[in-house]
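Dock chain one against chain two, each of which comes alone in its own frame, and use the hints as you go.
Residue strings, one per chain:
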Amino acid sequence: MTKPILVFGYGNLSRGDDAVGPLLLAHLEQHADLSRVELLTDFQLQIEHALDLQNRELVIFVDAAVSGDSPFGFSRLAPRRDNSYTSHAMSPVALLQVFENITGEMAPPGFLLSIKTTSFELGDGLSASAEDHLRQACRFAERILALPARKILAAAEEYRETASHC
Amino acid sequence: MYEHLETAPNPAKLKRVVVDPVSRVEGHGKVTLLLDENNKVQQARLHIVEFRGFEKFIQGRPYWELPVLVQRLCGICPVSHHLAAAKAIDQLVGIDPADLPPAADKLRRLLHFGQVLQSHALHFFHLSSPDLLFGFESDIGKRNIIAVLGDYPDIGLQGVKLRKYGQEVIRMVSGKRVHGTGAIAGGMNKALSKEERDYLLEDIDRIVAWADASVDLIKKVHTANLPYYDDFATIRSNYLGLVKPNGALELYHGGIRAKNDNGETIVDHFDYCNYTDLIHEEVRSWSYMKFPYLTSIGKADGWYRVGPLARVNNCDFIDTPLAEAARVDFKQHSPEAMVHSTLAFHWARLIELLHCAESIKILLHDPDVMSSDLVAKGEKRYEGIGVIEAPRGTLFHHYQVDENDIVTKANLIVSTTSNNMGMNESVRQVAAEYLSGRELTEPLLNNLEVAIRAYDPCLSCATHAVGKMPLQLELLDAQGDMIDRLVRHGDGSFEH
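Chains as they are written, first to last, in the numbering used here: chain A, 1 to 166; chain B, 1001 to 1496.
Each hint should be verified, as a subset may be incorrect.
Only pairs whose alpha carbons sit at most 30 Å apart, straight line, appear in this in silico DSSO-like list of lysine-lysine [unchecked claim]:
#1 K1040(B) <-> K1142(B)
#2 K1056(B) <-> K1299(B)
#3 K1015(B) <-> K1040(B)
#4 K1161(B) <-> K3(A)
#5 K1190(B) <-> K3(A)
#6 K1244(B) <-> K1190(B)
#7 K1056(B) <-> K1380(B)
#8 K1056(B) <-> K1409(B)
#9 K1164(B) <-> K3(A)
#10 K1361(B) <-> K1194(B)
#11 K3(A) <-> K1176(B)
#12 K1194(B) <-> K3(A)
#13 K1219(B) <-> K1361(B)
#14 K1056(B) <-> K1377(B)
#15 K1030(B) <-> K1040(B)
Just so you know, the hints here were simulated from the structure itself, not pulled from any lab data. Bear in mind the structure is a predicted one, so any value in this text is a computation, not a measurement.
In isolation and in its complexed conformation, chain B is listed as follows (with noise of 0.2 Å):
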């Protein structure tokens, strides 16, 4: 595809174009671009810049203290750690995911449903819909979430009470919006009582209808720019995710299931306990971050795309009529057994955000998640892993412990890191395909940034201070001299 933009043969003779940090990603990431004389792109890639040594942060812990500490990984994701994290030390506590008692198992499940909802919206309606409703070569003054709740106010109120109503599932379930217990090892650390149950149940009928018609605007803004939304940044590759035994849409615990770009199974519920049989991660000397990949496919054609577009494209079906009736029409728009389309994450995306809504409801009006039966106890293991299907992807922990319940040994694969090899080609994609050969302006180097934003990467570093957010575009000549600077500070300002 477009591979062979990775590196260039003679990148000493070509002009430099840097794009540091990319915005409305999380974390800190940067695209750069050579050019020839005639501005022909000769090589782009996506860098990520922070080493984040995980691993080295979780080892030497007690087991029990993991689903609170990794929270504190990421902080756009912290549930989705938190939940791979608490079924990783379940089999340490000899309990695994069929043991676990049914109040718990459908706490965390609604507890997840309210982490990908809220994710989900605050992906789109705050970092996406503006460069989906102006335009990804619009003024950059349009091009946020201020500008859309000015044209489109009540699009851009439900984005943020869509939001808050995902928080508030999370804080109603785990007690805390932030660095809650909810999950504990072989199960919960409480139920809802029935105010909250209550309390969630006043809104839930609004939020289904809202994430409902977000369905309905992201498949108008699609089907209104086609073929154009089909092309743009699109790529074939293979996908992988978690589906239920009978091959339904799953969130929380499954098989893993892949396929490659004309929809033929590679694998099918294969069990994640043994993920490192089935991947391997790549290292390239000019990332941090890794490149995963099948190994029973190989480097060169192995790399996968994980997250909505994987999954809507994985699974038989959907098990809640308004996301599967959205899943159905979804795959109909596309002439092949698997959608392509990058931006077509944003549609998968919101499909996934009814999906939850959905499930939501189901639980509120379930009584188990009322349930004092939520913990399960078993024989200590030395080992266990936790694979979930977190908003941006498929999710992995895995640890060893010693006789001292201190963690030796820490490996995650997180969502982002499988997208890294897709992202990549997306931004290649571009590069040849929109931008090459045309003298290059900030609307049009956000082009790059809208294929990068599609995949809801978490470049993660949940740091933030008063002044740490700059970017800056720099234009360097051939012989490496800069021709054009211009720098965003962390107040917004621009320096030219």
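With the rest of the complex left out, here is chain A (with noise of 0.2 Å):
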């Protein structure tokens, strides 16, 4: 039986802050209740990935993040043709774009909790920043997913008021 609600963690464990993802799963694995939640975790976003959306109420996709001024960034997705592609790996939006291609039905409304990040050599730890940023971004995660799934859009919302204010 398909749970609910995927989170999706993508990021390479030996690359420095590409960890995020996946350790932020981790962290869920220990500390979250799984009943109505699947973790998949996977070095990067492949094509495949959409058949890994079907009969979900929601999705949360978590990766690293190079840009923005906030710890944390939790944001709605909507569905899009970009040129990720061009890559092996995609991005989210154009995951939920092959997902409605190749079934032709609505993508599950997707998020995306994007953790700020610096460092990325092979064989490096976190980074300090990094390690802090994960840690607010767990207990946000933990926060939203005790929230029944219709909430977690209102959730959203909220966040991105708060951090305006910030």
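This is how it looks when you write it as structure tokens:
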């Protein structure tokens, strides 16, 4: 039975701050109620991951980000054809678009939890700032996953307003 | 051939065009062209602009960590590194390939076939089919998988599902999609359960049929565009790869065979544990990627190509019936003993994809994949070498350990490194034959990328982050001043 919420954290554990996506999932595995949440991880988003979006009420992508001022961001995603397909890795919005192309159905509501990061050297651990940002993002993820799926959209709006007043 | 275009005699007086990074390849590379006042190409190079430091990453670790650790070297073919490392550490625990329990050998092969199948599917359907179906110089908005899904929905969906199936094979054999611990020193961690085997069997006939149809598709595309497809980016080269003892195509374990451009054997059934006697690597100042060559032939003419084209060229036959029929058909299209067309990499790749699908079906019907006899033990050694045929070509892992089982020395030759000279020569061929003297545009420059993409290079970093994948194309005049600039941002938007 497919669980209604998918949290997809992607990145490379041995590439410094690129690990924040998988590490957030490792945290949730220990601290969140996963009865209705599936955790999925990979190095990068790939085209076949569109099939993992089937029968979901909600999808949250978790990734390292190098832009933005906040420790982490949480935003609603709309399916979009962008040029990320020109690399081996896809963007979340392109993946949502591929889902709609191959199924003919509306993509489930998608969100991006992006964690501010700085360093990606092979063999390095997390930078101090990424560790702090990850900790904050973990607390946020735990909080929203405790909400009913339909309230997460409202939580995203609330987060955006809060962030804009910081 | 085109080596005269590697270094221009008076570069300061030439216009410089940069394609950075090359798109739809893994990792970060760039192409630079130097043009004279008539837009004639005087120099063309593919540069690798990231130093990876794999060896440093591995040294100092206990050897048993390696099969998991090395998966993180590459986000695209982690299973290839996993298996090459496993073969090397087998030797560290005193196990040679012939000593591996049959169940472990077959499970590793199953894992590898799943990996090659998904990698080849990704490359053809996702990364190359837009060029091949819509044209190399078609509108950039068309050259993507989403357009393929729109105009060729059946083909696009088959590509997605082939890729997914390969990933499911990996998940069932290793327990996870990524970071799995399928292979361990001397064997495998787990067998397939009956439920896992039956789950994979459910779709295998459809997968074989789709793989077979994909070979028909690429044959149709290739032969419909002759002689162009046989000329574009085409170079003559030596070819290197593993073969079975009977000369059949081999992806997991065998001896090294190298042939020259006329199909004459240079070495055959060469023990890869002696690879340092066979291959040397040359360093050139303008690229982080080395240039390997066959020592017996020398730097100038000893470079070689690896990967699907090399393997299908080199083998005497393929031991699965549909792929063998496709191989015979493939070879017949060329008047020569070896197929040199760079675009034929795609055709050879899909023959291998079909071979993988057929081989997965055979292995799933073999009861050994559910056996519990999975690990062999032997006497400790201090050096181990593992070589496999990764999707992109021959992959070498070589380790030395101390008395505390800590890795003191590591050497890796990744597939794409072996194709370094081949890719550069193909870039120069396209630059000289198709671009030289013309006004350069983005669609025209895509020809360079098409040539590189045929090799499916993994210029890997396995790192990504939002906002980290820009493409910048600059056109500078003879004084080095920028005339024009096009930037593609990480979110896919363009700035001109």
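Against the structure, the hints come out as follows:
1. K1040(B) <-> K1142(B): 29 Å, holds
2. K1056(B) <-> K1299(B): 27 Å, holds
3. K1015(B) <-> K1040(B): Distance of about 10 Å is within 30 Å: holds.
4. K1161(B) <-> K3(A): 21 Å, holds
5. K1190(B) <-> K3(A): 27 Å, holds
6. K1244(B) <-> K1190(B): 26 Å, holds
7. K1056(B) <-> K1380(B): 24 Å, holds
8. K1056(B) <-> K1409(B): Distance of about 9 Å is within 30 Å: holds.
9. K1164(B) <-> K3(A): The hint holds at about 19 Å.
10. K1361(B) <-> K1194(B): Distance of about 15 Å is within 30 Å: holds.
11. K3(A) <-> K1176(B): Holds, because 18 Å separates the two Cα atoms, which is no more than 30 Å.
12. K1194(B) <-> K3(A): Holds - the C-alpha atoms of K3(A) and K1194(B) are around 25 Å apart, at most 30 Å.
13. K1219(B) <-> K1361(B): 24 Å, holds
14. K1056(B) <-> K1377(B): 29 Å, holds
15. K1030(B) <-> K1040(B): With Cα atoms ~20 Å apart, K1030(B) and K1040(B) stay inside 30 Å; holds.
In summary, the structure agrees with every hint in the numbered list given earlier.
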